[in-house]
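Novice: Next come the chains, spelled out residue by residue.
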Amino acid sequence: MIEKKQVEHIARLSRLVIPEEEKEMFCSQLSNVLKYMEKLNRLDTKGIEPTSHVIDLVNVMRGDAPSPSLPPSEALRNAPDRTEKFYRVPKIIE
Amino acid sequence: MELFRLGIHEIRELLDKKEVSPKDVLDSVFSRIASVEEKVKAFVTVTKDRAYDMLDDALAENTILSGIPLAIKDNMCTKGIRTTCSSRMLENFIPPYEGTATSRLRGYVLAGKTNLDEFAMGSSTENSAFHTTKNPWDLSRIPGGSSGGSAAAVAADECIAALGSDTGGSIRQPAALCGVVGLKPTYGRVSRYGLIAFASSLDQIGPITKNVRDSALLMNIISGHDPLDSTSAPVTVPDFTASLGRHIKGLKIGVPKEYFIEGMDRKVENAVRDAVGKLESLGAIPIEVSLPHTEYAVATYYVLAASEASSNLARYDGVKYGLRVEGKDLIDMYMNTRAAGFGPEVKRRIMLGTYALSSGYYEAYYRKAQQVRTLIKRDFEEAFKTVDVIATPTAPEVAFQAGEKTEDPLKMYLSDIFTISVNLAGVPAISVPCGFASQEGGAASLPIGLQLIGKHFHEQTILQAAYAYEQATDWHKRRPEL
Numbered sequence: 041m042i043e044k045k046q047v048e049h050i051a052r053l054s055r056l057v058i059p060e061e062e063k064e065m066f067c068s069q070l071s072n073v074l075k076y077m078e079k080l081n082r083l084d085t086k087g088i089e090p091t092s093h094v095i096d097l098v099n100v101m102r103g104d105a106p107s108p109s110l111p112p113s114e115a116l117r118n119a120p121d122r123t124e125k126f127y128r129v130p131k132i133i134e
Numbered sequence: 087m088e089l090f091r092l093g094i095h096e097i098r099e100l101l102d103k104k105e106v107s108p109k110d111v112l113d114s115v116f117s118r119i120a121s122v123e124e125k126v127k128a129f130v131t132v133t134k135d136r137a138y139d140m141l142d143d144a145l146a147e148n149t150i151l152s153g154i155p156l157a158i159k160d161n162m163c164t165k166g167i168r169t170t171c172s173s174r175m176l177e178n179f180i181p182p183y184e185g186t187a188t189s190r191l192r193g194y195v196l197a198g199k200t201n202l203d204e205f206a207m208g209s210s211t212e213n214s215a216f217h218t219t220k221n222p223w224d225l226s227r228i229p230g231g232s233s234g235g236s237a238a239a240v241a242a243d244e245c246i247a248a249l250g251s252d253t254g255g256s257i258r259q260p261a262a263l264c265g266v267v268g269l270k271p272t273y274g275r276v277s278r279y280g281l282i283a284f285a286s287s288l289d290q291i292g293p294i295t296k297n298v299r300d301s302a303l304l305m306n307i308i309s310g311h312d313p314l315d316s317t318s319a320p321v322t323v324p325d326f327t328a329s330l331g332r333h334i335k336g337l338k339i340g341v342p343k344e345y346f347i348e349g350m351d352r353k354v355e356n357a358v359r360d361a362v363g364k365l366e367s368l369g370a371i372p373i374e375v376s377l378p379h380t381e382y383a384v385a386t387y388y389v390l391a392a393s394e395a396s397s398n399l400a401r402y403d404g405v406k407y408g409l410r411v412e413g414k415d416l417i418d419m420y421m422n423t424r425a426a427g428f429g430p431e432v433k434r435r436i437m438l439g440t441y442a443l444s445s446g447y448y449e450a451y452y453r454k455a456q457q458v459r460t461l462i463k464r465d466f467e468e469a470f471k472t473v474d475v476i477a478t479p480t481a482p483e484v485a486f487q488a489g490e491k492t493e494d495p496l497k498m499y500l501s502d503i504f505t506i507s508v509n510l511a512g513v514p515a516i517s518v519p520c521g522f523a524s525q526e527g528g529a530a531s532l533p534i535g536l537q538l539i540g541k542h543f544h545e546q547t548i549l550q551a552a553y554a555y556e557q558a559t560d561w562h563k564r565r566p567e568l
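Residue numbers (this note's numbering), protein chains in the order written: chain A, 41 to 134; chain B, 87 to 568.
Take these hints with a grain of salt, some might be off.
To be verified - Pairs of lysine-lysine, DSSO-like flavour, derived with a Cα cap of 27 angstroms:
1) A:K79 <-> B:K165
2) B:K471 <-> B:K541
3) B:K471 <-> B:K335
4) A:K44 <-> A:K75
5) A:K125 <-> B:K414
6) A:K63 <-> B:K491
7) B:K497 <-> A:K63
8) B:K343 <-> A:K75
9) A:K86 <-> B:K335
10) B:K414 <-> A:K131
11) B:K104 <-> B:K563
12) B:K414 <-> A:K45
13) B:K497 <-> A:K75
14) B:K338 <-> B:K353
15) A:K86 <-> B:K471
16) B:K414 <-> A:K44
17) B:K335 <-> A:K44
18) B:K364 <-> B:K343
Derived from the structure by calculation, the hints contain no laboratory data.
Turn these sequences into a full structure, and let the hints guide you.
Specialist: Structure follows, in structure tokens:
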């Protein structure tokens, strides 16, 4: 079971704010889904290799050749806040 | 003639014979949109003015798609055209580049960007931040999801064909529920460059069309290795139309017993069994097979997809693009932005994924699910030692009522029960119309889909079987009354 304190903790890790009145809902929904997922424990997977990817591609390389890229003005066009050629963010260092 | 009713190859023929002009085609499709879109609500953005402006350029390309209006799911980046993912987070996002799949559709004319469940997370399009798309066969019902807008637009003849994306069934399930053809290619067959990421090891772009031939045509165009997507497969692309019309005598069709389960809609089961019978009458050989880990697929998928999503969606931080909501400091800005920009289902999956990946739980959830994924993949490898194609229902039931499952996420997740294993194994699958379920009280009958699953990179085999079935039946000729 997921409790309210855990929802708050997971939300914090996820960089989300969950309003007080929705916390109960998330508790019960996440608990239900996690309980359903527990059926995986019925399977013995000792010695089974995990699959992260279905096709056998490893270390895909490309030539070290420069190619055109987006000009800064284009790359920055969707930025919520910018100055000159930079993204602008709230002050981090006191 | 109602040009909007036609598919790609039929329009191409009329254009080549100069029986109709490209402008006639655009006029027909956009007048159709004007008359039915208010009911169906398939689109987030209709790009009518641009379509006419671009028509001459499109014709100059002189390709098979030249001048043909297609709809694109709004999670594929289209340069200069707002791409929202049906999320408040990207409500005003205008991509500065074009994704690979759409850039390969040279000559096509964009009819519009279609609605989806926010960030492709859902099975009904009810999770769109903007509006719910309606099923054209019965407007009180959902069109499926997450590519519900694309499937509804094709079924309602608001475009000639469309592209969708499929992470756990998001092309095939809405195609089945809307009575059209939807194909999820082998993982790696189509580049994901420019597809807004949900679960990167599962996501794949594919066609949603009015018939099987158009599906093969679009597959010819969008497939192939792309250096911009390091997970795209460096394999040659056959001519997918070459196998169409070939007989299916002796083709071995696996029928997995785990896909005919208690509690599923009888009408769906009967229609799919009849479809297997039809394939048999065409010379195919049905063989019972077993995919023993099927019942673990939904749990496996929701651990893995949520984990990948929690990582992929970390990029929405109010800095580089998308929504920003100010706060007292940087962390506060992140949290306010994400609280306001994401809807409840996206938050749920991010939290689920964050939990599954967090310290102390990683082994129990994420690693365990990856191991079960191996078992599911092996089930298919084993079955494909004896059969060429596997036939199943695409969805356990016909289109459900809007609002029926929104309160219970787990119930919604289970509507992907027959499509999810295919993504986990990375194999290709197509859904084709295989019947209609009548409703009580004289309401319109609802479409049923047959899913045909193939071996890795054997799309031509499922297209061949699907085409043989389609040509022997009339289901694909029916259209909803709007």
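Novice: Check each numbered hint from earlier against the structure, then list the numbers of those it violates in ascending order.
Specialist: Hints 1, 9, 17 are the ones this structure does not satisfy, whereas the remaining hints hold.
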